[in-house]
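S.K.: Take a look at the letters that make up each chain.
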Amino acid sequence: MSTNFLLHCDYTVLWYTKGMSYRVRLNTFEGPFDLLVYLIERAEMSIYDIRISEITAQYLAYIRRLEENDVAVGSDFMVLAATLIDIKSKMLLPRMTEEGIEAEDPRTDLTKKLLEYVRFKKAAGLLEAQREYARLKLEKPQEDLQPYTGVPDIYLKMDMDGFIAAFRAFIHRKVKGEELLRMQSHIERERISLESKTSRIAGILEAAKKRIVRFAELLSPQKEDEKYDKVVTLIAVLDMAREGRLRAQQEVNFAEIEITGTEE
Amino acid sequence: MNNKERLKSAFESMMFVFGEPIDAKIAAAATGIDKAEAVSLFRELACEYEEEGRGIRVRETGGRFGFVTYEENYDYIRAITTPAKERRLSQAALEALAIVAYKQPVTKSEIDRIRGIKSDRVVEGLAEKELIEERGRSEAIGRPVFYGTTGKFLEYFDLKDLGELPVLDDESLEEAIRDFSSYGADQENNGEAWGQTKLELSEN
Chain A
1 MSTNFLLHCD YTVLWYTKGM SYRVRLNTFE GPFDLLVYLI ERAEMSIYDI
51 RISEITAQYL AYIRRLEEND VAVGSDFMVL AATLIDIKSK MLLPRMTEEG
101 IEAEDPRTDL TKKLLEYVRF KKAAGLLEAQ REYARLKLEK PQEDLQPYTG
151 VPDIYLKMDM DGFIAAFRAF IHRKVKGEEL LRMQSHIERE RISLESKTSR
201 IAGILEAAKK RIVRFAELLS PQKEDEKYDK VVTLIAVLDM AREGRLRAQQ
251 EVNFAEIEIT GTEE
Chain B
1 MNNKERLKSA FESMMFVFGE PIDAKIAAAA TGIDKAEAVS LFRELACEYE
51 EEGRGIRVRE TGGRFGFVTY EENYDYIRAI TTPAKERRLS QAALEALAIV
101 AYKQPVTKSE IDRIRGIKSD RVVEGLAEKE LIEERGRSEA IGRPVFYGTT
151 GKFLEYFDLK DLGELPVLDD ESLEEAIRDF SSYGADQENN GEAWGQTKLE
201 LSEN
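Here the protein sequences line up with chains A and B, keeping their order. In terms of my numbering, the first sequence has 1 at position 1, counting the first letter as 1, and numbering is strictly consecutive. In terms of my numbering, the second sequence has 45 at position 45, counting the first letter as 1, and numbering is strictly consecutive.
Careful, some of the hints might be misleading.
[To be verified] Only pairs whose alpha carbons sit at most 25 Å apart, straight line, appear in this in silico DMTMM-like list of lysine to aspartate or glutamate:
no.: 1; chain 1: A; residue 1: Lys137; chain 2: B; residue 2: Glu12
no.: 2; chain 1: A; residue 1: Lys122; chain 2: B; residue 2: Glu130
no.: 3; chain 1: A; residue 1: Lys230; chain 2: A; residue 2: Glu243
no.: 4; chain 1: A; residue 1: Lys137; chain 2: B; residue 2: Glu164
no.: 5; chain 1: B; residue 1: Lys129; chain 2: B; residue 2: Asp169
no.: 6; chain 1: B; residue 1: Lys8; chain 2: A; residue 2: Asp159
no.: 7; chain 1: A; residue 1: Lys230; chain 2: A; residue 2: Glu258
no.: 8; chain 1: B; residue 1: Lys160; chain 2: B; residue 2: Glu139
no.: 9; chain 1: A; residue 1: Lys122; chain 2: B; residue 2: Asp23
no.: 10; chain 1: A; residue 1: Lys137; chain 2: B; residue 2: Glu139
no.: 11; chain 1: A; residue 1: Lys137; chain 2: B; residue 2: Asp23
no.: 12; chain 1: A; residue 1: Lys122; chain 2: B; residue 2: Asp75
no.: 13; chain 1: B; residue 1: Lys129; chain 2: A; residue 2: Glu132
[Said to hold, decoys possible] Label pairs and their calculated CB-CB ranges:
no.: 14; chain 1: B; residue 1: Glu20; chain 2: A; residue 2: Arg182; range: 36 to 46 Å
no.: 15; chain 1: B; residue 1: Gly163; chain 2: A; residue 2: Phe170; range: 57 to 67 Å
no.: 16; chain 1: A; residue 1: Asp76; chain 2: B; residue 2: Arg143; range: 16 to 26 Å
no.: 17; chain 1: A; residue 1: Val175; chain 2: B; residue 2: Glu86; range: 48 to 58 Å
[As the list claims (entries may be wrong)] So, partial list: chain A residues that the calculated Cβ filter (under 7 Å) puts toward chain B:
no.: 18; residue: Glu67
no.: 19; residue: Val71
no.: 20; residue: Ala72
no.: 21; residue: Asp76
no.: 22; residue: Glu116
no.: 23; residue: Glu132
no.: 24; residue: Lys137
no.: 25; residue: Lys140
Since the hints were made in silico from the structure, they are not lab data. Every value quoted in this text rests on a predicted model; they were computed, and no experiment measured them. Here a beta-carbon is modelled for each residue, glycine too, at the ideal position from N, C-alpha and C.
One chain only, chain A, in its complex shape (with noise of 0.2 Å):
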């Protein structure tokens, strides 16, 4: 008996890092007759001349390895195992009737099953060869033929009412749309335009003659809006210093601006 032989317990090992769980399976046998067969092998015995006591106790203590361990054994391999030691029984008796007739090998049953599963997991593993090389060819999903099948828009598929109605709702709230956008208009302040305001600071000015004109004066009378409105009003100064329309002077940061005009 090999010395590993516990490494090719049917177990899963799982180690968690960081959320990452790796995951290790050691030679998962699909089956009790996948067991058996690689124990066989494993042996080095003909499948057709299986040494039934050797191959039992080999089983047996496999499976009692993997209780050992702590691994669910399936009733699957509780019921090959009462097989082997069942034939095993029937091999200790002797197989000459009294009439000289030999009968039938008890392993005959069991070599048979053994040849079949084997037979079908060569045939999985060409299946598995097989779609590695179909996998390399692809192929395009259905194509979306609704533009081709003439299939009717769901909305004509409506009967009359269904669509009358239908209609109605869409005009409804169109018609609804449109009020709050009218609302909204209403509700909007009126902003005074900056070209607006540049004809306004214009106008003082000329009023004032070349006396120096203090910025605050130019503000709107109006509170409200007050931001918006020192914006405007600075920016038309500047526009008008820029088209040299005023003179605009300011000795520190932050102290008022006096403006002069120097249009006649």
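Got chain A sorted already, so can you dock chain B onto it with the hints?
M.R.: Relative to the frame of chain A, chain B by itself:
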């Protein structure tokens, strides 16, 4: 252009629009010829693609014909795309599928008997993947369900029909037994079990 060439050209257009394989029956009905004639024209078309070494080939699976890429161009396609990682079939699933493929129609208990283990979950999984399907019921006690392979099975394994499955005769059985023996020989050297150690890395 003669009539035959015209029909082949029509089939080509039909396959292009259809995307997935088109049944020769449908193509035959659309062009007013009989099915056998359609099949032979599709096959001619397939040969032409092959002879010209095209990157697209015509594949026949279960009486249906469709375009697939040339297998040797796979690496080039990979270079421009990220194909979804395919979940491979487990050994258990492959065993059950092989039994269904070779012995169909077959019941679940027959699969269990050959594998020596219950195969309910495996069979269910194969049906979900549409590789096998129910094929009526057996007359046996309890009237168990028969299973058979699907058209998708043929596509999955790139088979024209079930006749293309590798032959499982006594000779192949001998070979299978020899394979197992060589597994045994390998093991003595490296102490590893036959069948590869499977290492799976999965994110939780």
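S.K.: Given Asp76/A as an interface hint, is the shortest Cβ-Cβ distance to chain B below 7 Å?
M.R.: With Cβ-Cβ at 4 Å, under 7 Å, it holds.
S.K.: Would the hint linking Lys230/A and Glu258/A be met if the CA-CA limit is 25 Å?
M.R.: holds (15 Å)
S.K.: CB of Gly163/B to CB of Phe170/A, is that within 57 to 67 Å?
M.R.: Hint holds: Cβ distance 59 Å, inside 57 to 67 Å.
S.K.: So does Val175/A sit 48 to 58 Å from Glu86/B, Cβ to Cβ?
M.R.: At roughly 55 Å between Cβ atoms, Glu86/B and Val175/A fall inside 48 to 58 Å, so the hint holds.
S.K.: Does the structure keep Lys122/A and Glu130/B at a Cα separation of 25 Å or less?
M.R.: Cα-Cα ~23 Å, so holds.
S.K.: Does the nearest C-beta of chain B fall within a distance shorter than 7 Å of the C-beta of Val71/A?
M.R.: violated (15 Å)
S.K.: Check the hint pairing Lys230/A with Glu243/A against an upper bound of 25 Å on the C-alpha distance.
M.R.: holds (20 Å)
S.K.: Given the hint of 16 to 26 Å, check if Asp76/A and Arg143/B actually sit that far apart at their C-beta atoms.
M.R.: holds (24 Å)
S.K.: Grab the minimum C-beta distance from Glu132/A to chain B and call the hint holds if it beats 7 Å, violated otherwise.
M.R.: violated (9 Å)
S.K.: Lys129/B and Glu132/A: Cα distance at most 25 Å?
M.R.: The given pair, whose Cα atoms are some 17 Å apart, holds under the 25 Å limit.
S.K.: Do the numbers back the hint for Lys140/A, that is, is its least Cβ distance to chain B under 7 Å?
M.R.: The hint holds - Lys140/A has a Cβ within 7 Å of chain B, the shortest such distance being about 4 Å.
S.K.: For the restraint on Ala72/A, tell me whether the closest CB of chain B is nearer than 7 Å.
M.R.: violated (13 Å)
Of the hints listed earlier, those the structure fails to meet are numbers 5, 6, 8, 9, 10, 12, 14, 18, 19, 20, 23, in rising order.
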